[in-house]
Every structure is written in structure tokens, then in C-alpha cells.
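> Residue-level listing of the chains:
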Amino acid sequence: MRVVLAEDLALLRDGLIRILEAHDFDVVEAVDNGPSLVRALSDHRPDVAVVDVRLPPTFTDEGLRAAIDARSQVPGLPILVLSQYVEQLYARELLADRAGGVGYLLKDRVSNVSQFIDAVRQVAGGGTAMDPEVVGQLLNRRAGDAPVASLTPREREVLSLMAEGRSNAAIAARMFISEKAVGKHTNSIFTRLGLPPSEDDNRRVLAVLAYLNN
Amino acid sequence: MKGKPGRVAQVGYAVGLTGLAVVGLVLFVLEVTSISIIVLTIGIPLTAGCFFLTRRFAGLHRRWAARQLGTPIVSPYRPVPQRNPLGRLWTRTRDPATWRDLLWLALNSTFGLAFWVVGILEALLDLVFWWLPQHVFAGLNARLARALLAPTKRAVLASRVEELAASRAESVDTQAAEIRRIERDLHDGAQARLAALGMTLGLADELLARDPEAARALLAEARTASGEALAELRELVRGIHPPVLADRGLGGAIEALALLLPIPVELDVRIPRRLSAPVESAVYFAVAEGLANVVKHSGAASAGVRAVHEGDLLTVEVRDDGGGGAAFDRGTGLRGIQRRLSAFDGKLFVSSPEGGPTVLSLELPCASSLPKTSRSCATD
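Heads up: the protein sequence lines correspond to chains A and B, in order.
Position 113 of the first sequence, counted from 1, bears residue number 113 in this note's numbering, the numbering being contiguous throughout.
Position 269 of the second sequence, counted from 1, bears residue number 269 in this note's numbering, the numbering being contiguous throughout.
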């Protein structure tokens, strides 16, 4: 799988390259600033891009803007955004096109290598991977609203994991329940939130995030 | 300020102020006499009384002249410390404004009186010949009052210097306290965690050959510890300068704040250009504190933030429909906001009657490209 990487700190860039290459990703180009990222994305059309939010020359949200720009030109271009902090505002902007193939994770999550690699694959496959902190804040924000408040604690847990981009199988393994039980929970969640049921993992996640972000 | 008095009112003012000019003459004579007998004990209370009356008398004319000229005239007096009556009298005696008052009193009761006598005639004529230039003599009197009753440039500068010295001292204190807090947080938090992390890793290294299972457990522990250290640093950075503020400026950062609130927040943000970083930061933390109070104390079902930068003024308003009762003396949050804003000549107002609603509003003068002694908050 071909990856474009954008990270300005050499220490982290090398670490990310090492992790990605150890898991059979082909890092076709690693850049350290915004303009190079824009060029690399259009040159290589990678299967997935891993992008740091803050990049030179402005040292603001250059990486995020480049990612959103690139996705407006190539809809659904899979991009996983990494950051030292998560902002609800940025999550909303990334999800706004509802095309999927988008991720937004804290850099801390990279330390759990297998989960990070899962997230990269998920995004490359057109899925969604949202940081648990984003999901937690969204749920918190809607905690008082009638439909979210009516969810059982178990269902809230399933909803959080689902919004982070995990498949039913992964959720089942994590919660020590059967996949069938997860399916039952998700159906119940969709009914309570008034969302149309869907078999497609990604559409499901987007529906939930759109609902929470509303 | 009310508008310029109408033509009929001008006649009233002319007659009334002519009478007052005569009263002023009496006051002048009384004051001069009192001062000249100040060595006698009776002169002291008499002088104090005269000063008091003169100030009231001058204040009345100040308000009238401001209305007539359409420009505000602020009170020029130095602040009087709450000491004994003799101390107050001494302060007033040393205040140049007192003597300018006296000079004005003399002029107003002589030249001013003469102007007024013509002024009455003119005001009456104006009622008939409305196309003629109006109220020349009333204007002359108003200018006389402004010339002597408004603070001198020097007095304005002196009080500005005092204000600046006070706000600078406060800024320096606040900054030093902030730096101490950050140092402590780093020392007790992330630094300690990283040290512990190093120890855990060292131990894991040692155990790797002998007891791989135990080493693995230690490594997992180390990973958790690194996550905690990062989370702590993130919180600290947010408290110093939130990244979203650097990225998106005040407007975007307020939007990001609103997204974190568990209740709906109505936004009206109109800030067309970036403000200077210190101003953005001070206003951001003011809004953050305001919204945090909404969540913690008000019990509100909804809130709103309005932030508008228009002309030379940045106005921000945080309101909620909660229970009210917020006040400066409850907790240090609002005080802290006020301190931070004072460095930019910002003002904070709180309206929070019992039963609500609460409105926190702040105003910041924002003229661009002025020297640093004046009020400037835009980027260069």
C-alpha cells in the first residue's frame, strides 16, 4: 500500500516511517511542509496519506487545510490526520464532505502500534477513524439530549467504539461479547437515534458522527 | 450625551445661566475671602465649603458646555484620598484644577456675564430670525468653560501614566504568577512522569531476557504512562495558548469553544481580521471563563456569544438564560478576566440579577497602528 507522509519533526517522521514500513506499507514520499504535501498528494495519488495538522511554513493548521483541499479535488482521497491535540471544529470540517476515507487521531495513539495500523488500513479502505477523545466529547455534548440519554450504558459503549471506526468484529472482541450481540446493540442504537439501518460499516459511522455533530 | 438644546431651550439656558453668573460672582468673592482668612481657624471650613460649592457649580457648567459643544468634557480633578478633612483640603489646594475653577469663576462672572446679557438677546432673536448663525455668544461661554474646566493635556497625561503604571504592575504580577504555575505543573506533572517512564523502561530492559512476560507488562505500563504525560502536556498547552487560537484566530477559537459545551450556543462572530496575539489570548480566556461559568453555575439551557470588531472597538458578550447571581466577589474567575483585560484598557461588565439572565460583556478599544501608550489591539 502506497503512503504519503507529512510530518515536520524529523524524530516523529522517522518513527512513523519505521512503523509503517515494518507493516508492509510503502512510504513513497515523506515531506515536512504544507506546499510539498499538496504537490506530493497530486504527484503520487497515494492509497492513503498520513498528515500532521501543524506544518511549516505557517505552523498553524496547514496540514489540515491541505488535506481538505486535496479531498475537494480528489473526493474520498484517504487521509489520516494526526495531531498533538484534537479539536471538535477540525473533526467537523474533515467529516463535512461525508465521503469517508478520513481519520483524525491524537499522535499518542501511534504508540499502540497495532491499533494505529488498523486505523491506517481502515481509512485507506474508505472507512473512518475518529479519536476516542473526539467521540467522547461529541457524546458528552449530546448526553443531555433525549435520544442519546435514552441509550443504555452498553449501547453508549458500542456507539463510541463504532464512531471510532471499529468493525462489529472488533467491537465484539473488545467488549467480550458475541458479534451477534453487537449487531443487536447497533440496531437498537439506530432505532433510538432514528437513523436508517445500514450494513456498510463506514456509512454507519458517518451517520452516527453526522448525528452527533449536528 | 443629549443633543444640542433647541432654540426655545436656548432662551431658558441663557436666562438661567445669566442668573448663575451673578451667583458665581458671589461665590468668587466668598472663596477669595475665605482663602485670604485661612490663617484664622474659621477660614478653613469656609474654604472647604467654597471648594465644594465651586466644584458643583463648575460641574453644572461642564455638563451644559458639553451639551452645547457636542463634545464630552471630563472632570479634571485629582482623586481625593479618604483621609481627614484637613488632608482632603490640602489635596484640593494642590490640585491645579481648583485654581483653574477659580479663574473661570472670575471670568464667567465678568466677561461671561457680559456675553450672556447679549446672549439672551441673541437667543430671543434666533426664535424669529432662524436663518442667522445661531448662539454665537452661548458658544463663546461654552468655549470659555471648556478651556478652563476641562482637564489640561498635562493632567490627562498624568492620569494616563498612573493608569498605565498600575496596569503594567498588574500584568507583570499576573505573568510572573503564570510562569510559576507552569513551572510547577511541568515539574510535578510531565517531568515526573517522564522520569518514571525512564525507570519503567530500564526495568523492562533488565527483565527482557529473564522474564519476558513481566517485561511485556512493564512495557504496556510505560505506554500508558507516556499517554498520560502527553495528555497532561496537552492540557498545559491549552492553558498557555490554545493551538486552535494560533491556527484560526479569535473567531475560530470561539467557535471551537462553543462546540465543546453541552448546551446549544448561538454564535454571532464578526471579526474580519486577526487581532494581535496578546489581545486574542486575553479575550479567548475571558470567553472561555464565561462559558465555563455558564456550564458550572448558571444551570442554563442555552447560551450565546457575540463578538464584533467594528471601527475601533471590539465588543464581546457572553450570555445565558440561567439563574443569574454571578458577581465579582464570587470566586476569582471574573477578577482574573478583568486583570488580564486591564492591560489593554479593556472593560468588563457583568449583569446578573438573581433569577437571570446573565450577560458578561467586555469592551476593548482596538485602534490600529497607534503607538503602544495608546489603545491598540490589531496586528501590524
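Hint data in this document are derived by calculation from the structure and do not stem from the laboratory.
Think of the CB as a built atom: it goes at the ideal place given N, C-alpha and C, for glycine as much as any other residue.
Accuracy of the hints is not assured; some may be wrong.
As the list claims (entries may be wrong) - For the chain B half of the interface with chain A, some residues (derived, Cβ under 8 Å), not all of them: (1) Leu230; (2) Arg234; (3) Leu236; (4) Gly239; (5) Asp247; (6) Glu255.
Unchecked claim - Stretches of chain B that chain A covers, calculated by requiring three or more beta carbons in the stretch to come under 8 Å of a beta carbon on chain A: (7) 22-29; (8) 57-71.
As the list claims (entries may be wrong) - Which chain A residues stay away from chain B? Per the calculated CB distances, all over 12 Å, these: (9) His23; (10) His44; (11) Asp47; (12) Glu62; (13) Leu77; (14) Glu87; (15) Gln88; (16) Arg92; (17) Asp97; (18) Lys107; (19) Asp108; (20) Arg142; (21) Ser188; (22) Arg192; (23) Leu195.
> Can you list which hints this structure breaks, lowest number first?
Hints 3, 4, 7, 8, 12, 14, 15, 16, 18, 19 and 20 not satisfied by this model.
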